[in-house]
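Student: Chain by chain, the residues:
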Amino acid sequence: MSAENLLTLKNLTAGVGEAGIEILHNIDLRIGKGETHVIMGPNGAGKSTLGYTIMGNPLYEISSGNIIFDGEDITALTADKRAKKGIFLTFQSPVEVPGLTIRQFLRNALQEIKGERIKFSEFNRKLRSVMDTLSFAEEYADRDINVGFSGGERKKAEILQLLMLEPKLAILDETDSGLDVDAVKTVSAGISEYKKNKDGSLLIITHNAAILEALHVDKVHVVVKGKIVAEGDGSLVEEINRNGFERYTNEQ
Amino acid sequence: MNNNKNSIKDIDRTLYDFKDDESRGDFFREKEGITEEIVRHISEEKEEPQWMLDFRLKCLKIYKETPMPVWGPDISELDMDQIASYVRHKSEMKNNWEDVPEDIKNTFERLGIPQAERLSLAGVGAQYDSEIVYHNLKEEVKKQGVIYTDVETAMKTGYEDIVKDYFMTLVLPTDHKFAALHGAVWSGGSFVYVPKGVKVDIPLQSYFRLNAAGAGQFEHTLIIVEEGADVHFIEGCSAPKYNVANLHAGCVELFVKKNARLRYSTIENWSKNMFNLNTKRVVVDEGGKMEWVSGSFGSHVSYLYPMTILKGEGAQMTYTGITFSGEGQNLDTGAKVVHLAPRTTSVITSKSISKSGGIGTFRSSVVIAKQAKESKCSVSCDSLMLDSISRADTVPAMDIRAHDADVGHEAKIGRISDEAVFYLMSRGMTEEDAKALIVSGFADSVSKELPLEYAVEMNNLIKLEMSGHKT
Amino acid sequence: MNMDLKVNISPALTFSWMKINDDHIKLETGELGVLDSKADIPEGISVSKGDHDWSKVKAGCGKDVAALISDVKGDIPLFETAKDKSYSKPLVLRLKATAAGVYKAVVKLAPGSELTVIEHTDSDIPEGFAAVSVKYILGEGAKLTLVKSQTLGDKFIYIDDMGSELADNAVFEAFRTDLGALKAYQGCNSELTGEASSFKVLGSYYLRGSQLLDFNYIASHDGKMTESDMRFNGVLKDESMKTFRGTLDFKSGCAGAVGAEYEDVMLLTDGVGTRSLPIILCGEEDVVGEHGASVGQIPDVVLFYLMSRGFSREACENMLINSRLNTTISKISDEEIKKIILDYLKNKLDLRSIDEE
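Those sequence lines, one after another, are chains A, B and C.
Just so you know, the numbering used here puts 168 at position 168 of the first sequence, and the rest follows in order with no gaps.
Just so you know, the numbering used here puts 384 at position 132 of the second sequence, and the rest follows in order with no gaps.
Just so you know, the numbering used here puts 777 at position 54 of the third sequence, and the rest follows in order with no gaps.
If you are wondering where the hints come from, they were derived from the structure by calculation, not from laboratory data.
Glycine included, C-beta positions come from ideal geometry on N, C-alpha and C.
Among the clues, some could well be false.
A few chain A positions that, by computed beta-carbon distances, are all more than 10 Å from chain C [to be verified]:
id : residue
1  : Leu29
2  : Met55
3  : Asp80
4  : Lys84
5  : Arg128
6  : Leu179
Listed below are the simulated DSSO-like cross-link pairs for lysine-lysine, each with C-alpha atoms no more than 27 Å apart in a straight line [to be verified]:
id : chain 1 : residue 1 : chain 2 : residue 2
7  : C       : Lys974    : B       : Lys687
8  : C       : Lys742    : B       : Lys625
9  : C       : Lys761    : B       : Lys628
10 : B       : Lys625    : C       : Lys960
11 : C       : Lys742    : B       : Lys316
12 : C       : Lys947    : B       : Lys687
13 : B       : Lys563    : C       : Lys742
14 : C       : Lys1061   : A       : Lys119
15 : C       : Lys742    : B       : Lys664
16 : B       : Lys664    : C       : Lys923
17 : C       : Lys1069   : A       : Lys119
18 : C       : Lys761    : B       : Lys622
19 : C       : Lys806    : B       : Lys622
20 : C       : Lys742    : B       : Lys313
21 : A       : Lys119    : C       : Lys1062
22 : C       : Lys960    : B       : Lys622
23 : B       : Lys664    : C       : Lys1069
24 : C       : Lys761    : C       : Lys729
25 : A       : Lys114    : C       : Lys1069
26 : B       : Lys622    : C       : Lys947
27 : A       : Lys198    : A       : Lys114
Could you put together the complete structure from these sequences and hints?
Tutor: Pasting the structure below:
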């Protein structure tokens, strides 16, 4: 592991607000620039919570530990500040905003993140090209964000945002679940487009291997009951596909 | 009369329709109408303290000055000059079924009340027309300091101060015409006091039976659940059918103190000549919890909206109700809630079924005051129309003054899906059974909140209503 | 003149203590005149006198308002389309309120015709009384799109008393944006008499200061397979207050009818008030009626989603208010009116437009 550090989770413990129910226990994780990591684990293991916690969902409270991103402690930052530093999370159920088109939303988001005005012409050119990569009909750009979208379209719209906002770390939360073969292909195409930037890091949360096929995976972390119980290289994905999580859950 | 049908678990309308002959001389009956003379006489009969008589007379005055409500079902058929406000069997209250006069005991036995007491109740009260005829509380519950009697007895046995402190302080006589009427001629009912920290594991039950034709029943229920205490109170009501109007204008006042819990379940099965103009209200202190469970099947006209005042921080309320309106019925039911303190929550769930020309109205009000910060309320009401000669109306009102409140509201009106009926018929059911099954399923969220024998009774009532047999 | 009007009376009454069954307007004004109006009339629309039709169609504010408007002298224009004609240009009604005035008109769509009506009411003066009552009569298969907006002066009292009648297969779709006036009352009655006729309205509003907005919408389903859909999305700030009354009235015989009413009210600050009385009256078995309301602050999940894309809390709020209003503003195809609205947002409401370069 020679890559420069991008994200470090140090002994991170987090839970749900007032009730203080711990979901993640003492997580240690390090992602280097340009690396691709995969989080696997059975349902309810705390995988999505991990993604939310890195992004800064106020629903989850960090009781101990730190999140270091790009050399800076971001544990106390709100989600918008983290987004500006270059973290992006795809949502399993993206929110609908009637009256706000994808085009308007993305241009404004990009301006927030870059902190500068972006010309319409320049923005539209880029949007067109990214939508093309995702075989997303351009008319979608002028539809209200996620309103009336199918499951597949929502996922595609999330990948579209990922490619437009060009984060340093993209966390994909079950982006492949519930998609048909074609949609998985499109999502995969989007991921490889993102990986064209050599420094772009990926944290893929999944329990399905389909979108991992075309990717070089640097490291796999197996999460069970809120703890990292095993780690290994890309071969661990196949091992789990063959044998499931039983080995790890039984150890608990 | 079918003598096999004397258990609550196997019900038939005929079960409620038998009546005792009032003319045999065992009964005392005030003459019809509401006058000062009658009010004074009721008070005298009860040997009440002066303050109660004064209060009754004040209520009478308010009653005469207050107009009829301008909204809700028509009650112009109700002629107050034809209602006898007080009818009493000439016997004292007993605490042993054996001592209850034969005719009255038979009535309650047919309704299954003594059997239920033996099986699953901590205490039972039974009111027959205007007076309580039976009251009993299990010895171990008595030992915990629980008081369960009627309001009159409570006043005479050392609890006059408590009665004075609470009686009609929550439901004021000025609230509406029938609250004032109640205050003037109230009689019988229940007085329950659960001391601090006492948890009563099995329910208390009061059963109200109005036997006399053209009479009114005005029982008063006063329940005080002290800090940290917990109790379940069940009320059942029935009456035989007459061709003249009967009136029920009861009043229920409940006080749930800090961290206490009260569940109040009602199965109302008044006969279809009854005007049911009942007022129920609770005030819930900090951390307290009120649970209403309500099934309305009977009566000709009902106005019934249990009201909850969430006064203390974190107080909670749930209302789960079902109303089945059949032929000749206009049942206007629902719930009211007022959030007065921060982080209070309320959940109102209502189901309504209209059939054979019945009119069912769900009516609610939700008020969230400015100081009720971060309060939550969710209202959902479903109405099922079983034919096109019936009506199902939904009239929910909300008034929200706290900007950080979280309020969700859903209402739906529809009919039984043809597809669902077809599916069940394809599995061998008759159309009638299929529909009854679907309606039972629709009512499931309410019946599962009821004690088992009541859930069974409710399902039987639904089957009875669905089979189209008239009473 | 001295006014004491009972306005926006709900078709079904409830608990009197909630004081939600109706509202009262007590007001002293000068003699009521006629609002200044300018109409852009597309070619092929005939204009005649519409007094008879205007009186015939029932509106939503109630009889006091109907009588008040009716008593004001002046011609009632009747704009009438030609049969089966589809108009590419909209009929634009530009209404300029005076100290005390009313505007009445009738728009009648001949069978098979299609028209868009854009109606905008504003004022050059801050204070006054304006009552607008346009009645819409849709013939068989006619299709009407109505885009209404209002940016009256801050101290205006505004009444909009609308009524419509729909024949078989007629489709009426309305979009309205309400921003101005101190007190605004919208009454709207739709008689879905024709089979398979449809009435839909989408409204947005943003109230602040001590503004009050009071609705009374009634969809009366008489015809079989009729459809109604009433949706209002609003934002409340400061001490503003909104009262929504909506009634789906399924009359016996309207088999196959479908009706829905939805409200989404975003509460921004302490001190606001929102009241609702969403009624469903049902005398027919074969219908589907639905009501939904959601009242509160911006939901946490929405806030987190938007913030995770780089928007600050303030930016999210600004964007969500904008997007709400935009659902109806985007339907205004008249550039002049659209500019008035966008300028109003920017100058009066300090809302940064999402599309700003």
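Student: Next, verify each hint and record whether it holds.
Tutor: Cross-check of the supplied hints:
no. : hint                    : result
1   : Leu29                   : holds, 19 Å
2   : Met55                   : violated, 5 Å
3   : Asp80                   : violated, 4 Å
4   : Lys84                   : violated, 5 Å
5   : Arg128                  : holds, 18 Å
6   : Leu179                  : holds, 20 Å
7   : Lys974(C) to Lys687(B)  : holds, 24 Å
8   : Lys742(C) to Lys625(B)  : holds, 23 Å
9   : Lys761(C) to Lys628(B)  : violated, 48 Å
10  : Lys625(B) to Lys960(C)  : holds, 16 Å
11  : Lys742(C) to Lys316(B)  : holds, 24 Å
12  : Lys947(C) to Lys687(B)  : holds, 25 Å
13  : Lys563(B) to Lys742(C)  : holds, 22 Å
14  : Lys1061(C) to Lys119(A) : holds, 23 Å
15  : Lys742(C) to Lys664(B)  : holds, 25 Å
16  : Lys664(B) to Lys923(C)  : holds, 18 Å
17  : Lys1069(C) to Lys119(A) : holds, 21 Å
18  : Lys761(C) to Lys622(B)  : violated, 45 Å
19  : Lys806(C) to Lys622(B)  : violated, 55 Å
20  : Lys742(C) to Lys313(B)  : holds, 25 Å
21  : Lys119(A) to Lys1062(C) : holds, 22 Å
22  : Lys960(C) to Lys622(B)  : holds, 14 Å
23  : Lys664(B) to Lys1069(C) : violated, 40 Å
24  : Lys761(C) to Lys729(C)  : violated, 30 Å
25  : Lys114(A) to Lys1069(C) : holds, 24 Å
26  : Lys622(B) to Lys947(C)  : violated, 44 Å
27  : Lys198(A) to Lys114(A)  : holds, 20 Å
Checked against the numbered hints above, the structure violates hints 2, 3, 4, 9, 18, 19, 23, 24, 26; every other hint is satisfied.
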